[in-house]
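Number of protein chains: 2
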Amino acid sequence: MLKVFNTLSRRLEPFKPLEPPLVRMYVCGPTVYDHSHVGHARTWVAFDIIKKYLMIKGYFVIHVQNITDIDDKIINRAKEEGVSWKDIADKYTAEYFDLMAKLKVMPNINPRVTEHIDDIIEFIQDLIEKGYAYVTNSGVYFDVDKYPYYGQLSGIKDKKMWSQETFVKDKKNPYDFALWKCAKPGEPWWDSPWCKGRPGWHIECSTMSSKYLGKQFDIHGGARDLIFPHHENEIAQSEARFGVRPWVKYWLHSGYMTMKGEKMSKSLGNIVPLIELMKKYDVDVIRYWLSTSHYRSEMEFSWNALDEAKKALERIRITVDALLKEVEKGSPKGSLSDDEINKIYKAYSLRNSFHEAMDNDFNTPKAWAAVHGLLRLGNEALEGESYETALIVLQALREIDRVFEVLFPPQRTKDVESFIELLVEVRKELRKRKMWDLADMIRNELDKLGVALLDRSSETEWRFK
Amino acid sequence: MLKVFNTLSRRLEPFKPLEPPLVRMYVCGPTVYDHSHVGHARTWVAFDIIKKYLMIKGYFVIHVQNITDIDDKIINRAKEEGVSWKDIADKYTAEYFDLMAKLKVMPNINPRVTEHIDDIIEFIQDLIEKGYAYVTNSGVYFDVDKYPYYGQLSGIKDKKMWSQETFVKDKKNPYDFALWKCAKPGEPWWDSPWCKGRPGWHIECSTMSSKYLGKQFDIHGGARDLIFPHHENEIAQSEARFGVRPWVKYWLHSGYMTMKGEKMSKSLGNIVPLIELMKKYDVDVIRYWLSTSHYRSEMEFSWNALDEAKKALERIRITVDALLKEVEKGSPKGSLSDDEINKIYKAYSLRNSFHEAMDNDFNTPKAWAAVHGLLRLGNEALEGESYETALIVLQALREIDRVFEVLFPPQRTKDVESFIELLVEVRKELRKRKMWDLADMIRNELDKLGVALLDRSSETEWRFK
Numbered sequence: 001m002l003k004v005f006n007t008l009s010r011r012l013e014p015f016k017p018l019e020p021p022l023v024r025m026y027v028c029g030p031t032v033y034d035h036s037h038v039g040h041a042r043t044w045v046a047f048d049i050i051k052k053y054l055m056i057k058g059y060f061v062i063h064v065q066n067i068t069d070i071d072d073k074i075i076n077r078a079k080e081e082g083v084s085w086k087d088i089a090d091k092y093t094a095e096y097f098d099l100m101a102k103l104k105v106m107p108n109i110n111p112r113v114t115e116h117i118d119d120i121i122e123f124i125q126d127l128i129e130k131g132y133a134y135v136t137n138s139g140v141y142f143d144v145d146k147y148p149y150y151g152q153l154s155g156i157k158d159k160k161m162w163s164q165e166t167f168v169k170d171k172k173n174p175y176d177f178a179l180w181k182c183a184k185p186g187e188p189w190w191d192s193p194w195c196k197g198r199p200g201w202h203i204e205c206s207t208m209s210s211k212y213l214g215k216q217f218d219i220h221g222g223a224r225d226l227i228f229p230h231h232e233n234e235i236a237q238s239e240a241r242f243g244v245r246p247w248v249k250y251w252l253h254s255g256y257m258t259m260k261g262e263k264m265s266k267s268l269g270n271i272v273p274l275i276e277l278m279k280k281y282d283v284d285v286i287r288y289w290l291s292t293s294h295y296r297s298e299m300e301f302s303w304n305a306l307d308e309a310k311k312a313l314e315r316i317r318i319t320v321d322a323l324l325k326e327v328e329k330g331s332p333k334g335s336l337s338d339d340e341i342n343k344i345y346k347a348y349s350l351r352n353s354f355h356e357a358m359d360n361d362f363n364t365p366k367a368w369a370a371v372h373g374l375l376r377l378g379n380e381a382l383e384g385e386s387y388e389t390a391l392i393v394l395q396a397l398r399e400i401d402r403v404f405e406v407l408f409p410p411q412r413t414k415d416v417e418s419f420i421e422l423l424v425e426v427r428k429e430l431r432k433r434k435m436w437d438l439a440d441m442i443r444n445e446l447d448k449l450g451v452a453l454l455d456r457s458s459e460t461e462w463r464f465k
Numbered sequence: 001m002l003k004v005f006n007t008l009s010r011r012l013e014p015f016k017p018l019e020p021p022l023v024r025m026y027v028c029g030p031t032v033y034d035h036s037h038v039g040h041a042r043t044w045v046a047f048d049i050i051k052k053y054l055m056i057k058g059y060f061v062i063h064v065q066n067i068t069d070i071d072d073k074i075i076n077r078a079k080e081e082g083v084s085w086k087d088i089a090d091k092y093t094a095e096y097f098d099l100m101a102k103l104k105v106m107p108n109i110n111p112r113v114t115e116h117i118d119d120i121i122e123f124i125q126d127l128i129e130k131g132y133a134y135v136t137n138s139g140v141y142f143d144v145d146k147y148p149y150y151g152q153l154s155g156i157k158d159k160k161m162w163s164q165e166t167f168v169k170d171k172k173n174p175y176d177f178a179l180w181k182c183a184k185p186g187e188p189w190w191d192s193p194w195c196k197g198r199p200g201w202h203i204e205c206s207t208m209s210s211k212y213l214g215k216q217f218d219i220h221g222g223a224r225d226l227i228f229p230h231h232e233n234e235i236a237q238s239e240a241r242f243g244v245r246p247w248v249k250y251w252l253h254s255g256y257m258t259m260k261g262e263k264m265s266k267s268l269g270n271i272v273p274l275i276e277l278m279k280k281y282d283v284d285v286i287r288y289w290l291s292t293s294h295y296r297s298e299m300e301f302s303w304n305a306l307d308e309a310k311k312a313l314e315r316i317r318i319t320v321d322a323l324l325k326e327v328e329k330g331s332p333k334g335s336l337s338d339d340e341i342n343k344i345y346k347a348y349s350l351r352n353s354f355h356e357a358m359d360n361d362f363n364t365p366k367a368w369a370a371v372h373g374l375l376r377l378g379n380e381a382l383e384g385e386s387y388e389t390a391l392i393v394l395q396a397l398r399e400i401d402r403v404f405e406v407l408f409p410p411q412r413t414k415d416v417e418s419f420i421e422l423l424v425e426v427r428k429e430l431r432k433r434k435m436w437d438l439a440d441m442i443r444n445e446l447d448k449l450g451v452a453l454l455d456r457s458s459e460t461e462w463r464f465k
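First to last, the protein sequences are chains X and F. Sequential numbering from 1 applies to the first sequence in our numbering. Sequential numbering from 1 applies to the second sequence in our numbering.
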């Protein structure tokens, strides 16, 4: 039985989604004003692993991850660079998608704030009508005093600790927060019933999650620093509007990435951009390394740790490759010794250890310990040339790698066509230069590799035989 | 909730294995005296699909499939060909493994009778000691009258219908069956406490299943024609020896392969050897075609049906390929229309239809109907260039294809290295001939494809960047 640590209850709870086998998951995505850094990647890979584990448990996950493409930081960055806020947003959104896809993180829906302004206005209008929000000269604010459960997620019960957006002077209370901000001169704006302006930060997540996942859903994820005020505010807005409680059943938060013990953050200036990291390490090494720490723990970044991860993944791949070859040789035994029978059931037991670890709030370090047990068993299989042990270890690893997605050597399906096309291109050039021997050599070798060539007048077609 | 049709109870039963998540499955494999034919492949693919569906349901299956490598048919065939029985057995065992692996059917343990003679003798000895078997001049026989539940699996209650091995004259009753057969002159034999001889057919399955799966296990599979007497006898032997009941919880039987309405069988002379079929059709076409019929139904073989399957799989692959490319383009939308949101939930609903079909005694034709629904949704995604719809359809298809294993184009992982090596070889030749422009072109294009070249004095090394 899967248990997850729910920030809302501060304890491990059995995981029971609202409408199984559906799991609706919303994760806070990036504010696209700068390069994504390794701390971001940590959160996104963590929730991708959670998603993929839920999938092998028989759930089907619809995963929404938003993009904050309008925000003070974006506006400031645009000013600094003398470009439009949209240029900044588009540039870093494209980078984000590219890096995420490389890390095999592909949320199902990636809504952007600026394409949901109408939905956001409708949400705010409804809050005003229901008496949960008020309009001032500077914008629209959520009236925290009207919502009786404020502080439930963060556990912060002292109102003095709730203060936020303290620079705004016309709020009723220091802990009220903006739903709509009237534009200052030179700032981007959208029309609204209140003033030309833009949405506050928190309202976007309440709006876009409900649009795509409904008025209640199963998992809301994000980094730990979003608990207060962002997620606290999201809950207040959404429960106020929809009259449901709890709005989200499970709140999951990932721990910080640290460097020399300090939280990695733009403001501290100790960030490692993902794009830089990817120049030094294969994406699978990065994904592997990120998966080795429990998602709720702090994770310390160091170049040494990545070097170790690289070596570890290389060793893993060597074993997996050898196991694939052992099975491909295909020499099943006519009977197994007791030792071999035991190994088969041991593989099953290690596979269960993987599940037990993951069932315990997605404990990936313990899950990796089980994988390493399987790999040791795999190495014993290779020493003893045991087809059966190799096969069952691979059977377990294939299941497990639907979650980690790093164990098996990457597929190069796409590549192969490019290489064949390059060979055909080279051959075309050789034929022009009447170097028939080399052209024929290419044709013959390709034939052996299962590729047939068909020379038309000027072009050559190829196909897999 | 998965329900399976249990031949033992003659009804659909909820599937509850003895020690979940473990599922222990034994399937009757081939008697290796001739080419495996398409009727055999049907049974083996059917149980492979059952295994792989159980795996995506969260079970872990240990699958044992025996090889009968000593038997009257093998002895007769050897006599006909003037070779040893072992030559015949080895030849067709090798062919069987090769064909099975091509069809992606890989049982975890493949025990052979002749490598379990000691275990079989021990089993028979125990039956004699317990009073369930008796020794005559011609061998050892199971005393059916001693076992009170005979006929339970086949439902044959009339003792007159139980007659078997009627050519043996020294049995107590015509329905007793051989556990050990004394060798006639010229026949192969093994030493035993009773006479030099060989095991009867039925005892091997009781012996080898219990050796690898324990005294009770979850699923026993095989073709329908094995229900009586083979499986009936297996139950009698095993329950008699182990004192457990039921010995096997679920008995699953696959329907016949027919040709023009008649059962495909060697004796009727209407078989299609698998090895011939594979010359005409890709293995994936054959696996696909076999999966389109419900495993318990009769399945009519026709060349036309295979041609149709070939076309159907081509169409499926075209859609899947295009979906992969659509997602690879990677242009997620900033917001989705209601129609697109509906399509995402429709993909989920079709994925559930697949599960509902499979949960209903592995109803693959209905499961394929759900897949075709997904593919239609995929084609709509392609028309509308909807990344999100394409992505969720692929998410569902990837899960489903862990069972069918035919939807996605085959991996060509191994190939890519051969093509790169061919390019390196061609370039070496070009450098010898001082055709620097073409040699450099190859270097540059390979670089773009992520392959770095390092020229040493005479050799060139390459690596993926």
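In short, the hints are calculated from the structure, not lab data. Treat the hints with care, as some may be off.
For identical chains, the list gives no copy identity; a pair is met inside one copy or between any two copies.
Result set (EDC-like, lysine to aspartate or glutamate): computed pairs, CA atoms no more than 20 Å apart in a straight line [unchecked claim]: (1) 79 x 145; (2) 448 x 421; (3) 160 x 401; (4) 428 x 440; (5) 102 x 447; (6) 79 x 225; (7) 325 x 72.
Exercise. Could you figure out if residue 79 and residue 145 sit no more than 20 Å apart (CA to CA) within one copy, between two copies, both or neither?
Key: Neither way: residue 79 and residue 145 sit 36 Å apart in one copy and 95 Å across, limit 20 Å.
Quiz item: Is it within, between, both or neither when you check residue 325 against residue 72 at 20 Å Cα-Cα?
Solution: neither (55 Å within a copy, 36 Å between copies)
Exercise. Pop the pair residue 448 and residue 421 into one bin, within, between, both or neither, using alpha-carbon distances up to 20 Å.
Key: both (16 Å within a copy, 13 Å between copies)
Practice problem: Could you place residue 102 and residue 447 in one of the four classes (within, between, both, neither) given a Cα distance threshold of 20 Å? | Solution: Only across copies: residue 102 and residue 447 sit 19 Å apart there, 33 Å inside one copy, limit 20 Å.
Quiz item: When no copy is named, should residue 428 and residue 440 be tagged within, between, both, or neither for a Cα gap of at most 20 Å?
Solution: both (11 Å within a copy, 16 Å between copies)
Quiz item: Which holds for residue 79 with residue 225 at a C-alpha limit of 20 Å: within a copy, between copies, both or neither?
Solution: neither (27 Å within a copy, 80 Å between copies)
Quiz item: Given identical chains, is residue 160 near residue 401, meaning Cα to Cα at most 20 Å, within a copy, between copies, both, or neither?
Solution: Neither: 48 Å inside a chain and 55 Å across chains, both beyond 20 Å.
In summary, the structure is inconsistent with hints 1, 3, 6 and 7 from the numbered list given earlier, while agreeing with the others.
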